[in-house]
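J.: Below are the chains, spelled out letter by letter.
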Amino acid sequence: MTAPAPASTLTLRPAQGNAVDLVARFPNIVSADARTGFSGFIVEKDSLVEVATAIRNEFGFDLLTAVTGVDYLPENKMEVVYHAYRITGGPGLVFKVQVPRVDPVEVPSLIDLWPGVDLQEREAWDLMGIKFTGHPDLRRILMWEGFEGHPMRKDWKEGFYEEDTKPFKSRWPDGQFYMAEDKNPFKDNLTFPQNFDPEKWIPEGDALLYGALARYTVKQADGMSTDRIVINMGPHHPSTHGVFRAVMTLDGETIAGLKPVLGYLHRNHDKIGERNTYLLNMPFTDRLDYFNSMTNNFGYAITVEKLMNIPVAERAEYIRIIVSEMTRVQNHLIFIGTLLNDLGAMYTPSLYAFEERELILDIFEAISGARMMCNYFRFGGVVRDIPDDVMQKIKGLVHERLPAKTDEMERFLSENEILVSRMKGVKMISADDAIRYSVTGPVLRAAGVPYDIRRADPYGIYDRFDFDVAVRHNGDLMDNYLIRIDEIRQSLRILEQAIKQIPQGPINSQKPVYQVRVPAGEAYGRIESPKGELGFYVVSNGKPNPWRYHVRPASFVNLTALEKISVGNKIADFVAILAMFDIVMGECDR
Amino acid sequence: MYGKGILKGLGVTWKRFWDTYLEDISWMVRGKKRYYTEEGVKHRASKDQRGIFTVQYPDEKLILPEEARYIPFLVYNGQADGKREILCTSCGICAKVCPPQCIWIVRSNDPTTGRPIPEPTEFFIDADICMNCGFCAEYCPFDAIKMDHDFEIASYSRNVYNMEKLLKSSEYYKSIRPLNYAREEAARKAEEEAKKAKAAAKAATEAAAQSPTPPAESPAAPAA
Chain A
0 MTAPAPASTL TLRPAQGNAV DLVARFPNIV SADARTGFSG FIVEKDSLVE VATAIRNEFG
60 FDLLTAVTGV DYLPENKMEV VYHAYRITGG PGLVFKVQVP RVDPVEVPSL IDLWPGVDLQ
120 EREAWDLMGI KFTGHPDLRR ILMWEGFEGH PMRKDWKEGF YEEDTKPFKS RWPDGQFYMA
180 EDKNPFKDNL TFPQNFDPEK WIPEGDALLY GALARYTVKQ ADGMSTDRIV INMGPHHPST
240 HGVFRAVMTL DGETIAGLKP VLGYLHRNHD KIGERNTYLL NMPFTDRLDY FNSMTNNFGY
300 AITVEKLMNI PVAERAEYIR IIVSEMTRVQ NHLIFIGTLL NDLGAMYTPS LYAFEERELI
360 LDIFEAISGA RMMCNYFRFG GVVRDIPDDV MQKIKGLVHE RLPAKTDEME RFLSENEILV
420 SRMKGVKMIS ADDAIRYSVT GPVLRAAGVP YDIRRADPYG IYDRFDFDVA VRHNGDLMDN
480 YLIRIDEIRQ SLRILEQAIK QIPQGPINSQ KPVYQVRVPA GEAYGRIESP KGELGFYVVS
540 NGKPNPWRYH VRPASFVNLT ALEKISVGNK IADFVAILAM FDIVMGECDR
Chain B
0 MYGKGILKGL GVTWKRFWDT YLEDISWMVR GKKRYYTEEG VKHRASKDQR GIFTVQYPDE
60 KLILPEEARY IPFLVYNGQA DGKREILCTS CGICAKVCPP QCIWIVRSND PTTGRPIPEP
120 TEFFIDADIC MNCGFCAEYC PFDAIKMDHD FEIASYSRNV YNMEKLLKSS EYYKSIRPLN
180 YAREEAARKA EEEAKKAKAA AKAATEAAAQ SPTPPAESPA APAA
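If you're matching them up, the sequences are chains A and B in order. Take the first sequence: its letter number 192 is residue 191 in numbering that gives the first Met the number 0, and every next letter is one higher. Take the second sequence: its letter number 49 is residue 48 in numbering that gives the first Met the number 0, and every next letter is one higher.
Worth flagging that the hints you see were computed from the coordinates, not collected in a lab. Mixed in with the good hints there might be a few duds.
As the list claims (entries may be wrong) - Partner residues aside, some chain A positions facing chain B, computed with beta carbon under 10 Å:
#, residue
1, Met178
2, Gly241
3, Leu278
4, Pro282
5, Glu357
6, Leu401
In this text, all values refer to a predicted model and were calculated from it rather than measured experimentally. Built from N, CA and C at the ideal position, the CB exists for glycine as well.
Here chain A stands alone, though its shape is the one from the complex:
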């Protein structure tokens, strides 16, 4: 075991200790969360904004990463949970607001303090029915506009509803097969608003959506009124990386207003997760960000391990690092490929990127059994050891091929004048704005903030490796591209060390059981996925199924800043700006 690496000038050290005593600061309105297994502070609803202001300005928690709700149906109350972190690193601060469970629940919005809560508050309104008063644009975001009810509430039942929790009793011992659609006609379990006729329905959401944008007609100084054009980009547009839709108003070629429209790929991953048992969620997390199933597994595994309070086998720790860093390498390569696709260099760069990705996926297939949907992590370790011949392959890739191919990629693209003139000087986001808008991942680091969870709040055994947090300071598109190459190099550095240091031994500290015992409590686990912070918030009540399972996806929250960045830029640059977020709709819409 090596000592933690000496931090370079760009690297952050985690803040030491420094416990926050909110109760002493606000004796009557804040109390510590005393439930067993829970942590953080419970804030009175009416003082939320006051306390949150103090948390941000006095205690220095300037990055609010996750906002979500929990429906405590038996206690007849609802809770809004906030996770705030310091941009200089260190552990986070959890604060909560509890309100009686009515419809709709009302909680003050924190959007003036942290504009980054925008989309997350809309999601909590959409799925949980928590109304954030003061939010300027509280519309549904993932469900369709005419949807009735709030699906993440515990008493809401989906179409094809069978039972509250898996395993379903109809499967065994008398598992006479039937198809769900035969047994459950479309009309059941699906509530429409009263007097609703789908044939005659005209979506009202569009009017609201366009109303949320700037006015169409603008009076200019000389008295002439000019029209703005509304452009719908997507959901079926080759540059939107899936079914993402951006509605913009244009002033000439300049974007004057923009709203992202999401939810076309929504499948209510959170609800599925609450029906599942803890283990069964693992393969579902693969499908969030389908390019990076290994890191998705990692995030979920460390969250449940936190709840279960179990150690991870030493060899498995190293295997986890190896697979996640290889995931990062292939994700960033694909990012470069798709970016060039979006910029008009169809296919050649992306196919060059796909070659290296193929080789990495070959390794994933040999150890986990699947190329993309790896389902490789288990609580306490991983499912299968890396055999020696595969280890040789990894060594060959890490020591010989990938460094050479990264150099080749840079020779191929980084100096290309067309690319440079397209990207250089097109501003993404400033460091301050990036933090306020809860942007994480490469976009934040390209804006000049060296914030990497692997260093800022280390998980796994990242504190044992010597690597630098890649950071660039111009914050333009070119930096956002170059930082990916920097990160590939750093990942290869970590890989070299991990391959060298990996010990022999068991790969799981637990017995392989399919029904894990998880004590009651809550846990928020977060990792630095290639796209940013991937968080999992899990609440257990001691039963085999999680009471609350929430994913804080990186691409979804990063999109909050899209409007801020795009307004004022040209529409042609929008394609490149969106490509820089490297969104994957599987994770975004869940």
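Knowing the structure of chain A, use the given hints to seat chain B on it.
T.: Below, chain B without anything else, positioned relative to chain A:
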């Protein structure tokens, strides 16, 4: 000089273009076949690959690693009289651990007593819902359900597999996963040896302690 970067980049493409032919020539000189051979496919999927990367599916296929997993199948042991010994005991663990709940098992009941007996009457897998996670094979205590390598299952209708479709011989399992099969066989043998040794030791102690009692019964087949 403006355009230098573009030329540099084009140089990479140019080199990659010729790499394919140089590699072809080098294989030809060495008297080996680069295309439509296992060796060639393997080389093209290795770190030493240069030039062309693609595999001409379905004429060429990538070599699947042993752990590759697709839709599960049930394993049976072929017996001398042509009968099939199904390893599944219908304990239901695979159905319980299936994330999308696509496994349906009908447990057999003894016609006279009405009590459950350890074998399935019917076994369905809805292959359209199956997410190929491999949990059923991983947690099966009897090594009775395994993940297949056959990924070419496109069809014109829904793929609901019944037991007849799912059953595949242990020979087939051995052919696709030789290492796993050897490991499981070794474990099974070791377990049997241990059981025998234990039974023998027990019989010996009993025989030593007491007057002639018949030796302990040979260990019964693993009960559900």
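J.: Of the hints given before, which are not true for this structure?
T.: Violated: hint 2 alone.
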